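Student: Given next are the chains, with one letter for each unit.
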Amino acid sequence: MKAYMGIDVGSVSTNIAVLSHAGEILADLYIRTRGRPLEAILAGLTEIAGLLPAEVEICGCGSTGSGRYLAGVMIGADVIKNEITAHAVAASIYVPDVQTVLEIGGQDSKIIIMRNGIVTDFAMNTVCAAGTGSFLDQQASRLNIPIADFGELALSSSAPVRIAGRCTVFAESDMIHKQQMGHKLTDIINGLCEALVRNYLNNVGKGKEILSPVVFQGGVAANAGIKAAFERALGLPIIIPRHFGVMGAIGAAQLAREEVEKTGQTLFKGFKIAGLPYRTGSFECGGCPNNCEIAEIYEEDRVIGRWGARCQRWDVL
Amino acid sequence: MPKVTFPRMGESYRAFRMLMNDLGNEVIIPPRPNKKTLDFGVRYSPEFACLPLKILTGTYVETCMSGAELIITSGGSGPCRAGLYGQLHKKILNSIGFPVDIIVFEAPKSHPIDFLRKVKRVNSSRLSYLAIWECVKRGWEKLKYLDDLEKTTHALRPRELKKGSTTKVYREVLEWIDGAYAMKEIHEAGKEALNTLKLVPHDTRRAVLRVGIVGEIYVLLEPASNLEIEETLGNLGVEVHRSMFLTGWTRDNTVKETSGILSVKEAAMPYIPLCIGGHGRESVGHTILYARDGFDGVIQMAPFTCIPEIVARTILTRVSREHNIPVLTFFLDEQTGKAGMSTRLEAFVDLIRRKKNAPVSDNRIIVG
Ligand code: SF4
Ligand code: SF4
Numbered sequence: 172m173k174a175y176m177g178i179d180v181g182s183v184s185t186n187i188a189v190l191s192h193a194g195e196i197l198a199d200l201y202i203r204t205r206g207r208p209l210e211a212i213l214a215g216l217t218e219i220a221g222l223l224p225a226e227v228e229i230c231g232c233g234s235t236g237s238g239r240y241l242a243g244v245m246i247g248a249d250v251i252k253n254e255i256t257a258h259a260v261a262a263s264i265y266v267p268d269v270q271t272v273l274e275i276g277g278q279d280s281k282i283i284i285m286r287n288g289i290v291t292d293f294a295m296n297t298v299c300a301a302g303t304g305s306f307l308d309q310q311a312s313r314l315n316i317p318i319a320d321f322g323e324l325a326l327s328s329s330a331p332v333r334i335a336g337r338c339t340v341f342a343e344s345d346m347i348h349k350q351q352m353g354h355k356l357t358d359i360i361n362g363l364c365e366a367l368v369r370n371y372l373n374n375v376g377k378g379k380e381i382l383s384p385v386v387f388q389g390g391v392a393a394n395a396g397i398k399a400a401f402e403r404a405l406g407l408p409i410i411i412p413r414h415f416g417v418m419g420a421i422g423a424a425q426l427a428r429e430e431v432e433k434t435g436q437t438l439f440k441g442f443k444i445a446g447l448p449y450r451t452g453s454f455e456c457g458g459c460p461n462n463c464e465i466a467e468i469y470e471e472d473r474v475i476g477r478w479g480a481r482c483q484r485w486d487v488l
Numbered sequence: 438m439p440k441v442t443f444p445r446m447g448e449s450y451r452a453f454r455m456l457m458n459d460l461g462n463e464v465i466i467p468p469r470p471n472k473k474t475l476d477f478g479v480r481y482s483p484e485f486a487c488l489p490l491k492i493l494t495g496t497y498v499e500t501c502m503s504g505a506e507l508i509i510t511s512g513g514s515g516p517c518r519a520g521l522y523g524q525l526h527k528k529i530l531n532s533i534g535f536p537v538d539i540i541v542f543e544a545p546k547s548h549p550i551d552f553l554r555k556v557k558r559v560n561s562s563r564l565s566y567l568a569i570w571e572c573v574k575r576g577w578e579k580l581k582y583l584d585d586l587e588k589t590t591h592a593l594r595p596r597e598l599k600k601g602s603t604t605k606v607y608r609e610v611l612e613w614i615d616g617a618y619a620m621k622e623i624h625e626a627g628k629e630a631l632n633t634l635k636l637v638p639h640d641t642r643r644a645v646l647r648v649g650i651v652g653e654i655y656v657l658l659e660p661a662s663n664l665e666i667e668e669t670l671g672n673l674g675v676e677v678h679r680s681m682f683l684t685g686w687t688r689d690n691t692v693k694e695t696s697g698i699l700s701v702k703e704a705a706m707p708y709i710p711l712c713i714g715g716h717g718r719e720s721v722g723h724t725i726l727y728a729r730d731g732f733d734g735v736i737q738m739a740p741f742t743c744i745p746e747i748v749a750r751t752i753l754t755r756v757s758r759e760h761n762i763p764v765l766t767f768f769l770d771e772q773t774g775k776a777g778m779s780t781r782l783e784a785f786v787d788l789i790r791r792k793k794n795a796p797v798s799d800n801r802i803i804v805g
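For the record, the sequence lines run as chains A and B. Per this note's numbering, the first sequence starts with residue 172, numbered consecutively. Per this note's numbering, the second sequence starts with residue 438, numbered consecutively.
Rather than coming from a laboratory, the hints here were simulated on the basis of the structure. Predicted model only: the values in this text are computed from it and were never measured. Watch out, some of these pointers could steer you wrong.
[Unchecked claim] Mimicking DSS-like on lysine-lysine, the simulated pairs with C-alpha atoms at most 25 Å apart in a straight line are:
1) Lys-588(B) with Lys-557(B)
2) Lys-775(B) with Lys-546(B)
3) Lys-473(B) with Lys-433(A)
4) Lys-173(A) with Lys-433(A)
5) Lys-574(B) with Lys-555(B)
6) Lys-473(B) with Lys-775(B)
7) Lys-557(B) with Lys-546(B)
8) Lys-527(B) with Lys-433(A)
9) Lys-599(B) with Lys-628(B)
10) Lys-555(B) with Lys-588(B)
11) Lys-377(A) with Lys-775(B)
12) Lys-600(B) with Lys-433(A)
13) Lys-379(A) with Lys-588(B)
14) Lys-588(B) with Lys-605(B)
15) Lys-546(B) with Lys-588(B)
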């Protein structure tokens with residue numbers, strides 16, 4: 172059976188998805204990157220290979236996310252794409268007439284505006300934590316509540332407490348204040364969900380024309396409280412695709428499929444690479460005062476990729 | 438011989454160095470802004486100062502360490518901090534122990550006497566005004582060739598057959614211009630450089646995307662301050678058209694011909710009827726002209742906390758919608774990383790490519 176694989180290497184998680192020729196998900200996977208993308212990619216490949224039925228043959232693969240180049244040279248990707256395009260492509264597989272994609276991950280968030288199937292506008296936030304999943308993670312651990320329960324608890328609140336602050340630090344002190352004032356825990360949690368949504372809409376969503384259908388994806392979409400808060404804030408229904416957590420990988424797989432349809436063959440090196448020795452190294456160039464920190468990746472003692480140079484000095488491998 | 442230096446903006450230092458030498462000064466060449474420059478700049482500038490001020494502080498510290506005694510720069514026009522740069526830099530540098538002086542040239546039209554007095558100060562060889570004029574003309578000629586070369590790279594890079602070949606040849610031929618001195622030599626070297634650059638193997642029929650670049654002048658002209666955005670875009674298959682060159686927009690006929698009689702100011706008029714300082718009005722005006730000329734998109738480069746560009750950015754949201762042209766804004770500061778920028782650039786290029794290839798429809802575009 173023909174299939175296409177996408178791999179999305181982010182700073183928090185590494186996701187892999189395998190799509191069949193008919194577009195169904197044959198296997199998907201979400202693992203923590205823990206700041207070690209190389210290990211995460213190798214572990215992910217081994218695991219996904221085990222999940223796939225034997226007759227599956229990978230006819231194309233693509234990579235996305237901040238570690239897309241690393242993943243790309245390791246697996247032999249047919250396409251290496253930025254996260255915006257990958258997420259947009261994935262959303263339109265499930266909701267072909269999607270006009271807005273809200274994506275909130277653990278460490279970053281984005282909004283993508285689409286019209287007639289193409290991206291017309293986007294914004295990304297990689298700096299401020301207040302509009303991302305890590306905001307909720309932090310508050311959950313402060314309140315000593317597993318993050319998985321957050322959504323349900325938020326939904327059981329009847330009146331959210333307004334948590335002030337555009338920034339996690341302010342939000343945290345305000346939350347403590349509200350706790351001391353004796354507000355119900357569920358209302359506080361609901362208030363936190365609203366604060367995140369407010370921050371997101373004020374930050375990445377600023378000036379964007381948010382029209383229905385709205386698709387909400389990324390790890391935080393698991394949280395029903397956030398979904399409800401978005402619906403209240405926007406006054407629009409929110410669609411959460413079934414594989415909301417691995418949409419970047421799905422997009423990369425779809426893009427790989429389009430690519431091999433053009434080229435006629437895949438560059439995929441096969442799952443056997445999971446057994447090869449890889450290592451990374453880095454050095455300071457010193458060729459000019461920029462002193463770029465050059466990162467390298469070796470496959471069996473052969474350099475297969477380099478990053479970090481601000482000139483072309485290290486382009487030739 | 439007094440040791441002088443000046444801000445670095447792209448390759449223009451090659452022309453200024455010649456001029457200052459001719460007037461009898463020793464020139465301390467400002468280094469290309471790098472990590473060290475930024476470190477100094479951040480350490481010695483007010484935290485919320487705009488990026489150009491910080492880079493210049495760093496550049497000056499580096500040149501002062503090499504012995505510069507006099508800094509020559511230009512003033513700003515309109516209500517914006519650029520007008521205070523000179524004084525502020527002098528204060529900062531003096532306070533950290535460099536006894537430098539700064540000469541700020543204001544536009545000669547509005548301050549003619551002041552201008553001549555300053556010319557006299559940098560004229561260490563006591564040349565006659567006529568002789569100075571000759572030197573200025575040669576410097577200007579060099580500048581024009583430098584700008585033409587850079588423009589040529591913008592057109593070649595997206596079409597080159599071998600990645601990186603344009604940049605490589607460009608680096609080489611720049612040195613030829615540097616070596617030329619007499620007017621005749623400058624013309625010879627300039628023409629030869631242009632011809633050689635155009636020989637870089639490229640595919641003239643390749644369909645490329647065209648993107649206009651607008652924004653604050655310093656971050657437009659100094660590639661090190663904008664993370665080499667033009668080169669990055671060129672490598673993504675985009676022909677960039679920068680709205681500002683030191684030798685002026687007016688020389689550029691490609692756009693002038695097609696945009697008819699409308700000037701940048703006139704184009705911006707319905708949105709910004711007065712001068713807001715910096716290049717805010719130009720950013721808006723140029724975006725409108727780019728839209729009229731059928732460009733595929735516009736990128737705005739703005740220093741973080743730059744008021745004129747923040748104002749322009751707000752207006753560009755509307756311009757983008759009303760003129761149906763995608764606009765992407767980058768706010769640059771010392772923390773801007775190349776990886777994040779590349780991601781957004783790639784996404785933007787995908788966006789405009791898909792828009793271009795999509796069947797004509799009423800796609801409405803807003804700012805990114
Ligand atoms: S990689 Fe290039 S820009 Fe970076 S330090 Fe080396 S020579 Fe300089
Ligand atoms: S135009 Fe912007 S960057 Fe330049 S001085 Fe003014 S505020 Fe600063």
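Student: Please flag the earlier hints that this structure goes against, numbers listed from lowest up.
Tutor: 1, 2, 3, 8, 10, 13, 15
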